[in-house]
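*Asks:* Given chain A, work out where chains B, C and D should sit, using these hints.
Residue numbers (full-length UniProt numbering), protein chains in the order written: chain A, 1 to 337; chain B, 1 to 337; chain C, 1 to 337; chain D, 1 to 337.
Fair warning: there could be bad hints in the mix.
The list cannot tell twin chains apart, which means a pair is met if one copy fits it or any two copies do.
No farther apart than 27 angstroms at their CA atoms in a straight line, the calculated lysine-lysine pairs in the DSSO-like style are these [stated by the list, open to error]:
| no. | residue 1 | residue 2 |
| --- | --- | --- |
| 1 | Lys6 | Lys317 |
| 2 | Lys70 | Lys6 |
| 3 | Lys89 | Lys328 |
| 4 | Lys11 | Lys68 |
| 5 | Lys61 | Lys317 |
| 6 | Lys27 | Lys11 |
| 7 | Lys11 | Lys70 |
| 8 | Lys176 | Lys201 |
| 9 | Lys70 | Lys27 |
| 10 | Lys46 | Lys115 |
| 11 | Lys6 | Lys27 |
| 12 | Lys70 | Lys89 |
| 13 | Lys118 | Lys160 |
Keep in mind that the hints were calculated from the coordinates and are not lab data.
There are 4 protein chains.
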Amino acid sequence: MIIVMKPDATKENIQKVEERLQQVGLKAHLSTGEDCTIIGVIGDRKKIANLEVSMLEGVEKTVRITEKYKLVSRHFHPEDTIVDVDGVKIGGKEVVVMAGPCSVESIEQLREAAKAVKAGGAKFLRGGAFKPRTSPYDFQGLAEEGLKMLREVADEEGLKVVTEIVDKDDIELVGKYADIYQVGARNMQNFQLLKALGKAKKPVMLKRGLAATISEWLNAAEYIMAGGNEQVIFCERGIRTYETFTRNTLDLSAVAAIKELSHLPIIVDPSHGTGRWEMVRPMARAAVAAGCDGLIIEVHPHPEVALSDGDQSLTPKNFNALMGELGKICDVMGRTL
Amino acid sequence: MIIVMKPDATKENIQKVEERLQQVGLKAHLSTGEDCTIIGVIGDRKKIANLEVSMLEGVEKTVRITEKYKLVSRHFHPEDTIVDVDGVKIGGKEVVVMAGPCSVESIEQLREAAKAVKAGGAKFLRGGAFKPRTSPYDFQGLAEEGLKMLREVADEEGLKVVTEIVDKDDIELVGKYADIYQVGARNMQNFQLLKALGKAKKPVMLKRGLAATISEWLNAAEYIMAGGNEQVIFCERGIRTYETFTRNTLDLSAVAAIKELSHLPIIVDPSHGTGRWEMVRPMARAAVAAGCDGLIIEVHPHPEVALSDGDQSLTPKNFNALMGELGKICDVMGRTL
Amino acid sequence: MIIVMKPDATKENIQKVEERLQQVGLKAHLSTGEDCTIIGVIGDRKKIANLEVSMLEGVEKTVRITEKYKLVSRHFHPEDTIVDVDGVKIGGKEVVVMAGPCSVESIEQLREAAKAVKAGGAKFLRGGAFKPRTSPYDFQGLAEEGLKMLREVADEEGLKVVTEIVDKDDIELVGKYADIYQVGARNMQNFQLLKALGKAKKPVMLKRGLAATISEWLNAAEYIMAGGNEQVIFCERGIRTYETFTRNTLDLSAVAAIKELSHLPIIVDPSHGTGRWEMVRPMARAAVAAGCDGLIIEVHPHPEVALSDGDQSLTPKNFNALMGELGKICDVMGRTL
Amino acid sequence: MIIVMKPDATKENIQKVEERLQQVGLKAHLSTGEDCTIIGVIGDRKKIANLEVSMLEGVEKTVRITEKYKLVSRHFHPEDTIVDVDGVKIGGKEVVVMAGPCSVESIEQLREAAKAVKAGGAKFLRGGAFKPRTSPYDFQGLAEEGLKMLREVADEEGLKVVTEIVDKDDIELVGKYADIYQVGARNMQNFQLLKALGKAKKPVMLKRGLAATISEWLNAAEYIMAGGNEQVIFCERGIRTYETFTRNTLDLSAVAAIKELSHLPIIVDPSHGTGRWEMVRPMARAAVAAGCDGLIIEVHPHPEVALSDGDQSLTPKNFNALMGELGKICDVMGRTL
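This is chain A alone, in the form it adopts within the complex:
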């Protein structure tokens, strides 16, 4: 941490800051510039993390230099982490595609969707059984009934299952049917849920919060890893901006950022990221070209009758066409699909 003193800070002001640092076992390192004095704080990472000095007289501002996360950081773990889901490897050479409807609505709908995504080359079936919805009057999902359908249909087609968990009490229940726990954007900083998933035995896909910074996202993943679960996958799903043409603004630079800062895999959700099915294809191609490790895409056999997110769902035909394109981009990137 660096403490920037005000231009008119007195010697006593600076001394008080130094004393405060000594009290908590930290050392001060002064640089006296033309305009002001800056104080480098040296010592134990954790002590610095909890230091608050802005209230001291003469202090202009403090600047944090080091991030608080460690287990998710590439600094401390330079090689890529590969999350292995019974043989399907996320974060390796393969770009893994997860696809299916937004919500599980019925066994027929799900089976039709599963057949289609399997035919297109997806490895995972996605589908929500617990739906966090803005309004209490919106369709909230089929709960365990939906989970059972997911497992049944996925097994029929030889697919893995990824599905959302919204309550820490459901860890066992969801874990019984799913291969990956998905934490949605609204729960990215539901720390009780993250702590509980830190004790879970299956991988967690952590979606970026609606307006989460990269740094907050990494710290959220740190909660899971700090609990002992090292199988974390990031999922960029668009951030909230002033633009209203798209549902969210898909931030593909997050792919490059995560690859630089962390060793964990990152996948991209162009369906929620744009909210418009016509945009899913170009953005899915772009995501792979940016270097992501996978995609999660909404596919619905009949989007016009979907109970949720029909606007952003691909038809099986469009999904198929997309997969053809993605295969070629994967080739260029030295990856497989």
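*Replies:* Leaving out everything else, chains B, C and D in the frame of chain A:
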């Protein structure tokens, strides 16, 4: 809902939309303009809420006209709701001030803070016992020990207690010590927590999410009211914008918006809203002038040694000075402090 | 400036940075922490401003400590600046109100508006003769004809004139009729216009850009002052955020920020800041309570037939009621209206 | 336009709205729903554009259905526009790369950069001679001297020139040396400049404003086209969001949006879009995969001594490597480089 057809939509396209509406029991009302046809959808509110037609050929976009919330809406409940906490009335003539430290750190710290805020005229003691922190390595609060201290010290001073709840499993525990449950910004759309609080017997103060729209905030309150708990208080605490000089951008227009759209009270948190103690005073005055029903303010006897949020905490002396100013603004507004 | 080295930066990396600093006449001051080395850069302000070292190997990031603006800064000019417009003083004890229609439409409309705002207690007549509009097909203003009307009507009522300038070629023309040049949000970083206004002889009211940071805004004012024109007034008019209920998000904390960082006066525009006339009253009150030096408010004798911004214009009756309230808030603040 | 009436609007309220529409020559089309009445406004596009009725009693809100731009719209011009710059075609099969330093600093620097970008396969040399800088004390560019260098060096290498124009008085001057006028983000809504460029004889590359919506951007282009200049190229360069890890958030979904809404070409600037040279490569690849018609990339022979934007400039070596990758992505997209 209104469905806007593309300029080149055909008669068949329009017919298909009409048929789809009929299928789900809704009626279409066509207006044919110069550039395009628009279709007004008429019928049951709930059916419209779940309608998805953007995938149908020829549809340009859909525009939702009515909000989904109802119980929180002033349309359906024109008079102001007053939340009565054992005689302290929030939403009435009085502007209710809640004050205290960010975190409960020790009984001595809390007692000193409580005496100060009581002396200044606060009616509630605030203080976090469960702290949702960005990093797992930050101070996470004293839990039940902290709750006990809050109750003990509040009772000594004749104050009420407002404190954060982060886990639905803690409803009984927190309810044993607190008078108001506070839901923090990060949990505004933790629907499991909201549903559980809908069954609780004490009032809920619902902070606005980091990047929540007014509409999402109202819908989140609807979750609580739909569960049966009608004692909900909104709390504006700043939204996330591109500006970095302040910690958040305190959106005081939200006070006017909530007053227009809802019958529920709204209080303002200028401490988190700005993140800078020097700004708390002007923004607290502004909040009262904008028409808020209360304030929640961080006061710490020794901000420079606080375990969290020292930067934004007032000293007892500054809090006192602020309360003097607020009293005069309340006079102008025809309110009391 | 502070240069933060990567944890794995080598001695040679650090040496290269030191050499680079020496080359341009700056000095390095090293602090070696547990995780990384940080280098304080000491020396001439301007040299530091132009320094770029992020490309050097081993550099993690650079952090700028000092702002580039100087003339607008309170550090270098501690006392408040008062802009004196022929006896109407902006930045002193009086809270100065500027009011009138968005656009000058006709002499009748303007005269009716001027009478109303004068009666309410405004000191300035506002009204646009050159309108920067999103679409080329929107009403673009009456140009010089509008300026003439403004002057004529203002003189009849004993008001001053503030009006927007959109083109540096119009400085003489606008200056002939107006008392204050208004620079709109879209032109806040139109540096050619700012430079030209730096040579002008009348005060400039500089609106905050749509998504401008406080720092960029101060630097924009520095352009005007650096040209020799010291009569600059800031105007907060709302910033762009994700919220769509209001046209912009009025950032009243900017009032406190400008007061802390600069000696120049700041006024607030609650009309553009909210885009909703019902919100103008509470937000105008809040702005005065936050400590602003003035207000600019849209008042239209017949808002429902306005050629622009009717949605956010007050009727004369509402304006009058507002002024009554503001007078009382001014009393509390130790100011006059 | 659709007018949504309040649930408690009276028959007289609705009648007043209808009368107002009649007065200005428009027709009303009523749909009476369960919750409220909505009024479709039918008639002349331009009359609707200037209609303001929100002030009328009983009106809840108005919703605009049709965009105001026309010349830039794909509705009115379905085929792609190709901008032909002396044989280099932008918007056709080729993905056109423009590269060079942020600022023109010296003939040696520029020549070295030009040789490098030519060798890599760029068709345009970029470089700023007029620099709009946040602070008046930052390097402002070499002006005409810089333009001359650009032309000279570009001619030596057989490159075209694209460079920024910041002042309408410079149209002739810049046009003498440049092949494309670049309008920077800060000037996207400098309507005086846009109008003047509408009369110019050379193509205009219009960068997206810092916080401009897609719709505002299209309307800004409409200003140029409405003046008679049909050679407009969009340039996405990142938007301002809350994220601070990147300089801006590069919005690649804007590529798909522009392709859908307009017939004009769009290129992408991954250098300003990210502000970090390490991210330029992945984001350039992603941009091409998303379907852009070109790229503008900062390349500096010695980024560590650049007078501006060194942090985001590629070395010639990195540029070369990038061009190799882009060629392969172009193949997949059925395009050439």
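*Asks:* Hints first: check each against the structure and report whether it holds.
*Replies:* Against the structure, the hints:
no.	hint	in the structure
1	Lys6 with Lys317	between (63 angstroms within a copy, 23 angstroms between copies)
2	Lys70 with Lys6	between (32 angstroms within a copy, 15 angstroms between copies)
3	Lys89 with Lys328	both (20 angstroms within a copy, 26 angstroms between copies)
4	Lys11 with Lys68	between (31 angstroms within a copy, 25 angstroms between copies)
5	Lys61 with Lys317	between (56 angstroms within a copy, 22 angstroms between copies)
6	Lys27 with Lys11	both (17 angstroms within a copy, 22 angstroms between copies)
7	Lys11 with Lys70	between (36 angstroms within a copy, 24 angstroms between copies)
8	Lys176 with Lys201	within (11 angstroms within a copy, 34 angstroms between copies)
9	Lys70 with Lys27	within (22 angstroms within a copy, 32 angstroms between copies)
10	Lys46 with Lys115	neither (51 angstroms within a copy, 32 angstroms between copies)
11	Lys6 with Lys27	both (20 angstroms within a copy, 20 angstroms between copies)
12	Lys70 with Lys89	within (24 angstroms within a copy, 47 angstroms between copies)
13	Lys118 with Lys160	within (10 angstroms within a copy, 49 angstroms between copies)
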